[in-house]
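*Asks:* Given chain A, put chains B and C in place with the hints provided.
Below are the chains, spelled out letter by letter.
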Amino acid sequence: MRIVAEHLSYTYNPRSPFAVRALDDVCLTVEEGEFFGIIGHTGSGKSTFVQHLNGLIRTPASLKRRKRKQASPVQTLTVGEFDLTDKKTDFRALRKSVGMVFQYPEYQLFAETVKEDVAFGYKNFADKKPTDAEIGLAVNEALSIVGLDPNEVAGKSPFDLSGGQKRRVAIAGVIVSKPEILILDEPAAGLDPLGKREIMELLHRIHGAWCKTVVIVSHDMDEIAENCTRAAVFAEGRVKYCLPPRELFKMTDELLALGLDIPLTAKICLALKKRGIEIDCDFTTEDFIAKTLALKGGVK
Amino acid sequence: MKEVAFGQYYPVDSFIHKVDPRLKLLFLIAYIVAIFLAKNFYGLAACAGVLLAIVLFSRVPLGKVLRAVRGVTFLVLFTAVINVFFYRGDTVLWGWKFLQITREGLIFSAFLVLRILLLVVCSSMLTYTTTPVALTDGIESLLTPLKWVRFPVHVLALVMSIALRFIPILSDETERIKNAQKARGADFESGGLVKKVRAVVPILIPLLLSAFRRADELGDAMDARCYMGDKHRTKYKKLRFTWRDAIVFFVGGALIAGVVVLRVYLGAPV
Amino acid sequence: MHAIEFRDVDFSYGEGGFRINKLNFTVEEGEFVAVLGHNGSGKSTLARLANGILEADGGTITVFDTPLNDKNLYEVRKQVGVVFQNPDNQTVASIVEDDVAFGAENVGTPREEIGRRIGFALSAVGMEEYRHATVARLSGGQKQRVAIAGVLALKPRVMILDESTAMLDPRGRREIVDVVLSLNKKEKITVVLITHFMEEALLADRAVVMNRGEIVMQGAPAEIFRRHEELLTYNLALPRIGEISKRLREGGLDVSDTLDPDTLAEDIAKCVS
Numbered sequence: 179m180r181i182v183a184e185h186l187s188y189t190y191n192p193r194s195p196f197a198v199r200a201l202d203d204v205c206l207t208v209e210e211g212e213f214f215g216i217i218g219h220t221g222s223g224k225s226t227f228v229q230h231l232n233g234l235i236r237t238p239a240s241l242k243r244r245k246r247k248q249a250s251p252v253q254t255l256t257v258g259e260f261d262l263t264d265k266k267t268d269f270r271a272l273r274k275s276v277g278m279v280f281q282y283p284e285y286q287l288f289a290e291t292v293k294e295d296v297a298f299g300y301k302n303f304a305d306k307k308p309t310d311a312e313i314g315l316a317v318n319e320a321l322s323i324v325g326l327d328p329n330e331v332a333g334k335s336p337f338d339l340s341g342g343q344k345r346r347v348a349i350a351g352v353i354v355s356k357p358e359i360l361i362l363d364e365p366a367a368g369l370d371p372l373g374k375r376e377i378m379e380l381l382h383r384i385h386g387a388w389c390k391t392v393v394i395v396s397h398d399m400d401e402i403a404e405n406c407t408r409a410a411v412f413a414e415g416r417v418k419y420c421l422p423p424r425e426l427f428k429m430t431d432e433l434l435a436l437g438l439d440i441p442l443t444a445k446i447c448l449a450l451k452k453r454g455i456e457i458d459c460d461f462t463t464e465d466f467i468a469k470t471l472a473l474k475g476g477v478k
Numbered sequence: 043m044k045e046v047a048f049g050q051y052y053p054v055d056s057f058i059h060k061v062d063p064r065l066k067l068l069f070l071i072a073y074i075v076a077i078f079l080a081k082n083f084y085g086l087a088a089c090a091g092v093l094l095a096i097v098l099f100s101r102v103p104l105g106k107v108l109r110a111v112r113g114v115t116f117l118v119l120f121t122a123v124i125n126v127f128f129y130r131g132d133t134v135l136w137g138w139k140f141l142q143i144t145r146e147g148l149i150f151s152a153f154l155v156l157r158i159l160l161l162v163v164c165s166s167m168l169t170y171t172t173t174p175v176a177l178t179d180g181i182e183s184l185l186t187p188l189k190w191v192r193f194p195v196h197v198l199a200l201v202m203s204i205a206l207r208f209i210p211i212l213s214d215e216t217e218r219i220k221n222a223q224k225a226r227g228a229d230f231e232s233g234g235l236v237k238k239v240r241a242v243v244p245i246l247i248p249l250l251l252s253a254f255r256r257a258d259e260l261g262d263a264m265d266a267r268c269y270m271g272d273k274h275r276t277k278y279k280k281l282r283f284t285w286r287d288a289i290v291f292f293v294g295g296a297l298i299a300g301v302v303v304l305r306v307y308l309g310a311p312v
Numbered sequence: 002m003h004a005i006e007f008r009d010v011d012f013s014y015g016e017g018g019f020r021i022n023k024l025n026f027t028v029e030e031g032e033f034v035a036v037l038g039h040n041g042s043g044k045s046t047l048a049r050l051a052n053g054i055l056e057a058d059g060g061t062i063t064v065f066d067t068p069l070n071d072k073n074l075y076e077v078r079k080q081v082g083v084v085f086q087n088p089d090n091q092t093v094a095s096i097v098e099d100d101v102a103f104g105a106e107n108v109g110t111p112r113e114e115i116g117r118r119i120g121f122a123l124s125a126v127g128m129e130e131y132r133h134a135t136v137a138r139l140s141g142g143q144k145q146r147v148a149i150a151g152v153l154a155l156k157p158r159v160m161i162l163d164e165s166t167a168m169l170d171p172r173g174r175r176e177i178v179d180v181v182l183s184l185n186k187k188e189k190i191t192v193v194l195i196t197h198f199m200e201e202a203l204l205a206d207r208a209v210v211m212n213r214g215e216i217v218m219q220g221a222p223a224e225i226f227r228r229h230e231e232l233l234t235y236n237l238a239l240p241r242i243g244e245i246s247k248r249l250r251e252g253g254l255d256v257s258d259t260l261d262p263d264t265l266a267e268d269i270a271k272c273v274s
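From first to last, the protein sequence lines are chains A, B and C. Quick note on numbering: the first sequence equals residues 179 to 478 in the numbering used here. Quick note on numbering: the second sequence equals residues 43 to 312 in the numbering used here. Quick note on numbering: the third sequence equals residues 2 to 274 in the numbering used here.
Looking at chain A on its own, in the form it has when it is part of the complex:
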């Protein structure tokens, strides 16, 4: 499933004194199989964009028609076969294929046991009523892939778990319906460094085995550089850049001008460049170290 957005615009509270233009002519394609990153400040439109992807925010059809009359470009948004600007689209089927993990997802847990909570999505999306055995199997699988021991946690109350564990239960509750695309809004926010690392490892496990495409929204440039195939930079409701990290983080000045950070590896590369040493790396720690060490070999 590909995500294709063309000329997508969205305004909150339109035609009122509180109107806020959140998306402004966004054009963006995410290919199947990508580990895609979305970068931008709070209020840059990135959250509004990802909420469009499973129909939580919809571009009103009336707006679409009106736009057409004005001969301005037609807004389109498709995810695989689903046309999200069409009212008749089966949004339940869409949401089954596009999983969405919100910021601080642990705050959406509600059931008495971890098992029940994780099963919530599975039962909602099942075409016919699933048997207990089917539910049990799906829940166990989902818990295992997020790195929790089903035997240990399934029967516990989700509120008795630690912060990091709660978050994983919440993620399990989304991936339990095996979505093709998994979208996560700042999956590592608020966790300590170790917790962050564990979450990113778990996302890579999911990306390989469960969900073909993973999209993360993140403020952490190191996270983007280490993990993503491509990343889009949102600013003022528009997509400013959409490039692989290798090229994106060469645009140091442009990113800093937007008030964004650059990864640590890019900072060191920049400092090296000032000293006449150019390292052509993809800004992952591994590649940076390999290239830097090779530099020494080259001199020898």
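FYI, nobody ran anything at the bench for these hints, they're computed from the structure. One or more hints might be untrue.
Distance condition first, Cα-Cα at most 27 Å in a straight line; then the derived DSSO-like pairs of lysine-lysine [said to hold, decoys possible]:
hint: 1; chain 1: C; residue 1: Lys79; chain 2: B; residue 2: Lys273
hint: 2; chain 1: A; residue 1: Lys474; chain 2: A; residue 2: Lys428
hint: 3; chain 1: A; residue 1: Lys306; chain 2: A; residue 2: Lys293
hint: 4; chain 1: A; residue 1: Lys374; chain 2: A; residue 2: Lys445
hint: 5; chain 1: A; residue 1: Lys469; chain 2: C; residue 2: Lys247
hint: 6; chain 1: C; residue 1: Lys247; chain 2: A; residue 2: Lys445
hint: 7; chain 1: B; residue 1: Lys277; chain 2: C; residue 2: Lys156
hint: 8; chain 1: B; residue 1: Lys237; chain 2: A; residue 2: Lys306
hint: 9; chain 1: B; residue 1: Lys273; chain 2: C; residue 2: Lys156
hint: 10; chain 1: A; residue 1: Lys474; chain 2: A; residue 2: Lys452
hint: 11; chain 1: A; residue 1: Lys306; chain 2: B; residue 2: Lys238
hint: 12; chain 1: B; residue 1: Lys238; chain 2: A; residue 2: Lys293
hint: 13; chain 1: B; residue 1: Lys237; chain 2: A; residue 2: Lys307
hint: 14; chain 1: C; residue 1: Lys79; chain 2: C; residue 2: Lys189
hint: 15; chain 1: B; residue 1: Lys220; chain 2: A; residue 2: Lys293
hint: 16; chain 1: C; residue 1: Lys79; chain 2: C; residue 2: Lys156
hint: 17; chain 1: B; residue 1: Lys238; chain 2: A; residue 2: Lys307
hint: 18; chain 1: A; residue 1: Lys266; chain 2: B; residue 2: Lys220
hint: 19; chain 1: B; residue 1: Lys280; chain 2: C; residue 2: Lys156
hint: 20; chain 1: A; residue 1: Lys445; chain 2: A; residue 2: Lys428
hint: 21; chain 1: B; residue 1: Lys237; chain 2: A; residue 2: Lys265
hint: 22; chain 1: C; residue 1: Lys72; chain 2: B; residue 2: Lys273
*Replies:* Leaving out everything else, chains B and C in the frame of chain A:
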């Protein structure tokens, strides 16, 4: 990101917006009294005239004002129908079994409808032109005399202030949790009553937990800032009357006086 | 003078819960101390004890030579301000200046003085132009700065930030760190910054590492971060840069264990040319 258009406040700068909230509250009370004192159309016309002036001076668009009326359409129609058919008058225009329409009935129901409309429009002008914060300050200030009878005015004011602060936060949060559960396939629209009520559980529980957690943290933050209740407390913001308030005070007083005069000299509508 | 002194402090959240045993900890006047530790290590308990929100089961907590007790609780709270984690859960009023005034009102400050303090506090956090703004419309970093201003209006001598940057985006985090540094340097306010961002700890005079309610490491931040293996045993990761320089050394490049990207680049340049 998403702005919550909280309450009905319409943010423009106008004469009416700047009037002291206490006076606006008092004026509304005076206005309601005037409406009920008015016994004939002349009195109501005076009230309507004043209200029209308020609407014009407030710079709130007319469409917005009329929208306030839309909410009470049913009440208005109901009142009108009941009174048209059941008011017993002398000049029968039309009759069928126990139903009859009289000239007096028509006039009387028109009178009542006008009353309701004026009432609704005037109260919404208060909320259109006064921020919830100013309104709270105004209420607190007006209630201050109740301190003498040990009424906890300060606590009430603090509760209102915190509620105003947290209503947008919690409404955002509700939206977020609702979206998160929708993304997990929850369905809040279809099904019967029982199903709909059960569908609310996945929203309600996280929302309650969050509200408790927030309350807990807020309590700590208030403690840390030396909150000890009303004791030794000073207040930074004081409302002050200005020339605008004098005008409003004068208009309010004149309106009541005028209506009383009209009532005495011109008699009932029917 | 000690700004805060914990002597043999015991505390527990009841049976089977988290506990602190005979904790000793001091913060000098004017110091900037960073407290590190993984989630649940007890660092937030420290903040709540120092300000009397939690009561110790044993031992003494002294603030500027005054032992904390029930009678002087509010006097101590005036001196030790705490800013918490969630920017949305600390404001009582909808308008910035009303919220900043709250603490000063609580302790009975005269009206004119409150006005002056609001001005001072908002300018100390760089939010003067937002004095009449609605809190709900501010960014996370701005809300947190308002929370700091609300504490400053009480004229505290110590400011404890209890993971106040954890929920902010990088821009918000920078704003808070800048404010904290200037409060410490310009206003001479003693700062205790509780955080799990290693990069923030680098700016402090001293770093303290907590694990299971105990202080397990303390010293200059750069020195603490040199002790990689030890940090890992307390479930703390090195700052990323420490990891990179360590890997480079293992690969045979003779770089120092600096925590500054520019210095690291300098070292690399020296090694390869």
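*Asks:* For a C-alpha distance cap of 27 Å, please report whether B/Lys273 and C/Lys156 respect it.
*Replies:* holds, 20 Å
*Asks:* Just to be careful, I want the Cα atoms of B/Lys220 and A/Lys293 compared with a cutoff of 27 Å; is the pair within it?
*Replies:* holds, 20 Å
*Asks:* Between A/Lys374 and A/Lys445, is the straight-line Cα distance small enough, at 27 Å or below?
*Replies:* holds, 21 Å
*Asks:* Check the hint pairing A/Lys474 with A/Lys452 against an upper bound of 27 Å on the C-alpha distance.
*Replies:* holds, 18 Å
*Asks:* Holds or violated: B/Lys277 with C/Lys156, Cα cutoff 27 Å?
*Replies:* holds, 18 Å
*Asks:* Given the hinted pair B/Lys238 and A/Lys293, is their alpha-carbon gap at most 27 Å?
*Replies:* holds, 23 Å
*Asks:* Assess, step by step, whether the Cα of A/Lys306 is no farther than 27 Å from the Cα of B/Lys238, and give holds or violated.
*Replies:* Status holds; Cα separation ~20 Å.
*Asks:* Take a quick look at whether C/Lys79 and C/Lys189 sit within 27 Å of each other, Cα to Cα.
*Replies:* holds, 16 Å
*Asks:* Run the distance test for A/Lys306 versus A/Lys293: straight-line Cα separation, threshold 27 Å.
*Replies:* Holds, because 19 Å separates the two Cα atoms, which is no more than 27 Å.
*Asks:* Within a Cα-Cα threshold of 27 Å, do C/Lys72 and B/Lys273 meet the stated pairing?
*Replies:* It holds: about 15 Å lies between the C-alpha atoms, which stays within 27 Å.
*Asks:* Verify the proposed pairing of B/Lys280 with C/Lys156, using a straight-line Cα cut of 27 Å.
*Replies:* The hint holds at about 23 Å.
*Asks:* Is it true that the CA of B/Lys237 sits at most 27 Å from the CA of A/Lys265?
*Replies:* holds, 24 Å
Figure legend: structure checked against the earlier numbered hints; every hint is met.
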